[in-house]
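According to my numbering, the residues represented by the sequence shown are 1 to 796, in order.
Don't take each hint at face value.
Said to hold, decoys possible - Quick list of simulated restraints, FRET-style, between CB atoms: (1) 733 <-> 559: 42 to 48 Å; (2) 541 <-> 668: 25 to 31 Å; (3) 667 <-> 559: 47 to 53 Å; (4) 232 <-> 252: 45 to 51 Å; (5) 541 <-> 765: 38 to 44 Å.
I should point out that these hints are in silico values taken from the structure, not numbers from a laboratory. Here the structure is a predicted model, which means the values were calculated and not measured. Cβ coordinates follow ideal geometry from the N, Cα and C atoms, glycine included.
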Amino acid sequence: MVVDDIYWLDQIQPSCRSAVGDKAFYLGLLMQRGYPSVPGLVVSATVLQQLLAHMDWQERMFADLPNSFLYVDANNPRQLQRIAQQIQHAIQAAPLPETLLDALQTSMQSWQSPAVIVRPSFSLQPGLDPTISYRSIGLLNSHICRPNREALAQALKQTWSELFRARSLFYWQRLGIQIQHVQLALLVQPMQSVLAAGESQIIGSQVQVQAVWGLGQALLQGSADRYSFDLQSGLQTHHPGQQTYAYRVAAADSTVPLALSAWLPDVQTCLQLELLSSSQARQPVLPPVQLQQLAHLVQQVQTELGMPLALEWMLEADSTPAPFRLVQVMPQFGSLRRLGTQFRSSSALSSQHRLIGLAAAPGKTVGTAWLMQSDTEQPTDLETIPVGSIVITAMVTPEQVRRLQQVAGIVTEQGGMTSHAAILARELNIPAVVGVEQATHLIHSGERVAIDGDQGEVYWGDFNLPSDWQKPSHSEPLAVFATPRANADLLTTGQTTKLAAPRTPRTRLFVTLSQPEHLATVAALPVDGVGLLRSELMLLDLFEQRHPEVWLRQQPISEIIEQISQRIQPFAAAFMPRPVFYRSLDLRSHEFSATASEAHPHPMLGMRGALSYQFNPDLFRVQLAALKQVQQQGYRNLSLLLPFVRTVEEFVFCRQQVEQVGLTQEPQFQLWIMAEVPSVLFLLPDYVAAGVQGMAIGTNDLTQLLLGVDRDHAQMAAAFDPHHPAVVRAIQQLVQTARQVGIACSICGQTFQHTNLLSALLEWGITAISVDPSEVELVFQAMQQLYETSAGLDSD
């Protein structure tokens with residue numbers, strides 16, 4: 001103990017528990033018993049009490065703080081906000097004792113770290129529910145600052161003041177706990193860059209692990225690798241994450257670029273984002289040997305303390321033989337006593353009723369299960385499913401998803417992340433988890449269900465709901481772009497107009513679309529046009545549950561042309577004069593009602609794409625006529641993408657149809673092909689000689705055909721790897737060949753969301769990249785950073 005109100009972790013005694021809080025107490029206990037832990041010191045809860053007691057309050061209701069009962073009317077938000085602001089402002093303005101700051105500064109100097117982190121550590125007075133301190137994790141934020149007295153004083157006061165935020169006062173009021181019974185100590189620890197970080201806990205015989213590259217701040221973004229280790233059998237499982245960036249501690253003299261500072265939470269500008277290399281992003285954060293080491297450490301710690309625990313750890317690159325160090329330790333009590341209210345805590349959901357699948361569409365939501373029998377459900381029945389339900393079904397088609405916009409979420413047993421149903425769910429802002437085995441057998445209609453579309457998890461039955469979960473608002477203009485990632489703030493604050501425009505010549509950034517909702521908002525994003533307008537998803541409502549071939553026979557051709565043109569025109573208008581690439585219909589038999597053609601047993605290789613136009617040219621011709629009609633209305637920014645082109649002969653047939661309609665008479669019109677079938681690797685010069693003006697690499701189909709993997713098969717998800725060397729080399733060959741033969745080349749898919757293949761694409765000379773609306777800001781910022789880095793290297 002340096003001064004009376006400061007405790008070193010390795011000197012904390014059992015009698016000090018209420019003064020240091022549970023988080024610091026358990027970490028100190030493990031440190032004293034020889035477990036590798038991050039050092040730290042604790043600013044006692046007494047310091048805040050003394051700070052409040054010595055303030056010159058202007059209102060009598062605060063005069064006896066912290067010893068009096070602070071009455072808050074939780075149903076009066078104005079009073080709640082006013083009280084919260086007054087106390088917070090008073091704490092922020094209060095000077096701290098010089099002796100305290102002197103002692104803290106001396107201690108920080110011994111760490112020689114570029115930053116420190118201040119973490120809240122709760123304890124409650126005896127007689128209150130001991131689990132509340134654990135369930136209150138997340139109520140207050142941790143704060144990172146430089147290791148100097150001014151910055152630390154600000155971080156301490158910021159953390160203390162958050163105890164009196166409106167939501168915190170509301171929380172304790174609803175629990176029936178008086179604020180003076182909440183003891184808040186602060187744990188201060190050194191912070192430096194690490195190789196990896198994560199969280200672990202034991203559930204049954206399984207050690208469950210989440211891990212990210214760099215600092216643990218990335219855990220909040222839903223991109224972590226997930227692992228399980230069976231303590232009995234030693235069996236390991238790994239679910240790769242989607243991490244693109246890692247958090248590092250910035251050097252003391254570094255500054256954070258304005259664009260990136262919007263990503264960093266709070267005042268944590270002493271952190272920096274680092275783009276992961278392609279090799280690092282592809283490899284598991286924890287190799288099998290390290291996962292085993294971590295699992296045994298978690299088991300030893302839990303055995304040592306004799307209670308279930310949640311551990312936060314970090315992995316240092318050069319600290320063998322014990323590379324893992326404990327950062328935080330919190331007990332997970334088996335039975336949580338219900339308090340007098342129905343307020344839900346922010347603790348993790350119970351895993352007793354948890355199913356794991358693939359995170360197909362982001363978002364977290366809760367609702368009532370509605371079991372949908374996909375083989376017997378009538379189309380008209382879909383619209384009668386109650387608003388806010390979570391649909392549980394074996395499989396779902398894009399046609400069905402389009403008619404399920406009133407539901408809160410979708411869970412399927414079949415399907416993959418890149419299926420058209422998953423793509424449409426993302427664009428419609430419907431959280432979805434696919435590939436969930438036995439979902440229709442384990443979950444019953446009427447049960448309470450929560451789904452996490454970011455992590456690919458489904459919970460049902462009796463569970464505690466984290467306070468930050470909420471049903472998505474389909475009326476919210478920007479809801480379709482809301483993501484858990486760090487770029488979400490940019491999308492909701494209108495900062496896109498402040499972003500620097502790319503300098504030419506540079507790779508263009510396109511957006512991929514199919515739905516007209518929020519077109520004005522999407523068009524305001526920093527994009528150069530629509531790189532892929534998916535017609536089969538855009539026209540779903542026109543088909544009215546009929547196969548397009550049946551739809552074509554049952555309506556007048558002129559009416560069909562008019563209807564299609566009415567769907568295309570808003571996209572052309574919203575982005576005028578930027579280009580819009582309309583991809584003509586690519587009908588896979590399993591995604592449409594099999595009322596016209598018999599479903600193909602292998603729809604990936606069935607009658608689809610450009611080949612189908614030779615067998616049924618009418619369906620192609622009405623689309624061309626619709627494009628021509630929109631073109632004649634003055635929208636000259638339309639171009640055409642031909643899907644799933646297998647041979648040069650298919651392209652020649654389609655080109656002739658395009659020429660007959662007169663689309664090529666418009667100078668801005670271009671005829672491109674999708675590069676999805678591997679034959680294009682060998683035929684590209686022949687395609688160009690036949691009249692191809694550009695191509696768009698479709699990574700979803702190209703990957704499954706190169707690797708022989710069905711992208712819609714949930715059990716094959718691990719084998720569907722767009723980062724496989726075979727796929728990457730094929731993409732490189734296509735980009736470089738396109739440059740050699742003098743045509744434009746874009747790329748569509750999710751590949752560049754996960755690794756810095758983006759960097760390689762720019763280096764190879766890709767013409768354009770097309771991404772989902774929710775990915776625009778992230779990819780835009782990454783491109784800007786890569787160009788700035790390249791410019792800096794060129795100037796050296």
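Structure-based check of all given hints:
At roughly 45 Å, the beta-carbon separation of residue 733 and residue 559 lies within the given 42 to 48 Å, and the hint holds. The supplied range of 25 to 31 Å is met by residue 541 and residue 668, whose beta-carbon atoms lie about 29 Å from each other. Distance hint for residue 667 and residue 559: a CB-CB separation of about 30 Å, inconsistent with the stated range 47 to 53 Å. For the pair residue 232 and residue 252, the supplied restraint of 45 to 51 Å holds, since their beta-carbon distance comes to about 48 Å.
Checked against the hint of 38 to 44 Å, the C-beta distance between residue 541 and residue 765 comes to roughly 39 Å, which is consistent with it.
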